[in-house]
Amino acid sequence: MKPEQMTRLGVAHHATPLQPGAEAPDFELPSTPDQRVKQSEFRGQPVILAFYPEDWSPVCSDQLGLYQAVLPEFQKFNAELMGISVDSAWSHLAFAKDRNLHFPLLSDFEPKGEVARTYQVYRAKEGTTERALFVIDADGIIRWSYVSPVGVNPGADGILRALEGLGTETS
Amino acid sequence: MSTTQWEAVLTMPVDEDRDHIQGPADAAVTLVQYGDYECPYCGEAYPILKEVQARMGERLRFVFRNFPISTSHPHAEQAAEAAEAADAQGRFWEMHDLLYENQRHLGDQDLLAYAESLGLDAERFGKELAEHVHAGRVHEDFMSGVRSGVNGTPTFYINSLRHDDSYEAGVLLEALERAAGAQ
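Quick note, the sequences are listed as chains A and B, same order.
Letter by letter, the first sequence follows residues 172 to 342 of the working numbering.
Letter by letter, the second sequence follows residues 6 to 188 of the working numbering.
Check each hint, because a few of them may be wrong.
Said to hold, decoys possible - Partial list, computed: chain A residues near chain B (C-beta under 8 Å):
(1) Gln239
(2) Ala240
(3) Leu337
Said to hold, decoys possible - Ranges of calculated distance between the beta carbons of each label pair, as one might list FRET restraints:
(4) B:Ala118 x A:His273: 53 to 63 Å
(5) B:Asp24 x A:Gly192: 48 to 58 Å
(6) A:Pro196 x B:Arg129: 34 to 44 Å
(7) B:Leu123 x A:Ser259: 46 to 56 Å
In case anyone wonders, no lab produced these hints; they're calculated from the structure.
C-beta atoms are modelled at their ideal positions from N, C-alpha and C, and glycine is treated no differently.
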């Protein structure tokens, strides 16, 4: 990859996400226009948080479509997957329906990006979030975090490796 | 940065007995594609790969593995199983080509018609598809891709290292020649 491409893909803007070992900040966000999800409700099982910049952009869709396809593998670890972006719950609803996504997409919409800021993955200049992954263990501790260049789909391998490290595999 | 970094390498090595392969085992360079028959980008890559294969001839070994992203492409899984069912009758590549040449027509009736046009035992083919006899193989390919860092389709590996550049013919040829020269 040429340096100018790397800048275009956002490599130069890498944030430093919350580190492994840190307690995952709790939050409560809408998952649909009339439902809310509280992160701490998932204590007792691993949680995968996938921050992504925006609904509808091509890379996001590939990434989330891939995660939907890999979802049964995540579930072998009893892990709960949640996507998060700054889009509204209505946008999420339409996006999930259009792309056939069957995991919660949380709306970090108001105050905008507040949860992303607490995880240190907000992109203030763009008003979106980094493309960032967190694997949180059953006790609510971050065990792995990763920020991908915004234009690059990070795939699912890192998540699976992190989940393997937790030792919650059932099969 | 706290991130865990790793190289995207092929975690399941090419296996002459298991994999779908065109080109000699001792070719100068090996290109592995993870592909989805319904993915338009794979469709775009299909003639490019034909061109690259024609240009490199026996110096290239080409391997195809299944990576159906069923949530985006409702016919991709069944199409992948159809290619495997054709493989069970020794006609993988013919079916592979037919599927990519008819990406918009991958319904069950279409798949059966392709099997018939290839002179396959259509009854056996239909039965294997209905019973998902080859689903395990397709899933094994898929998971090997996930674990190798496949992040969309098509994803390519050149001598087991992920090719993170464009797959236009010139770029791909240059990368393949570079890898071949480094052998």
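Can you name, in rising order, the numbers of the hints this structure does not satisfy? 3, 4, 5, 6
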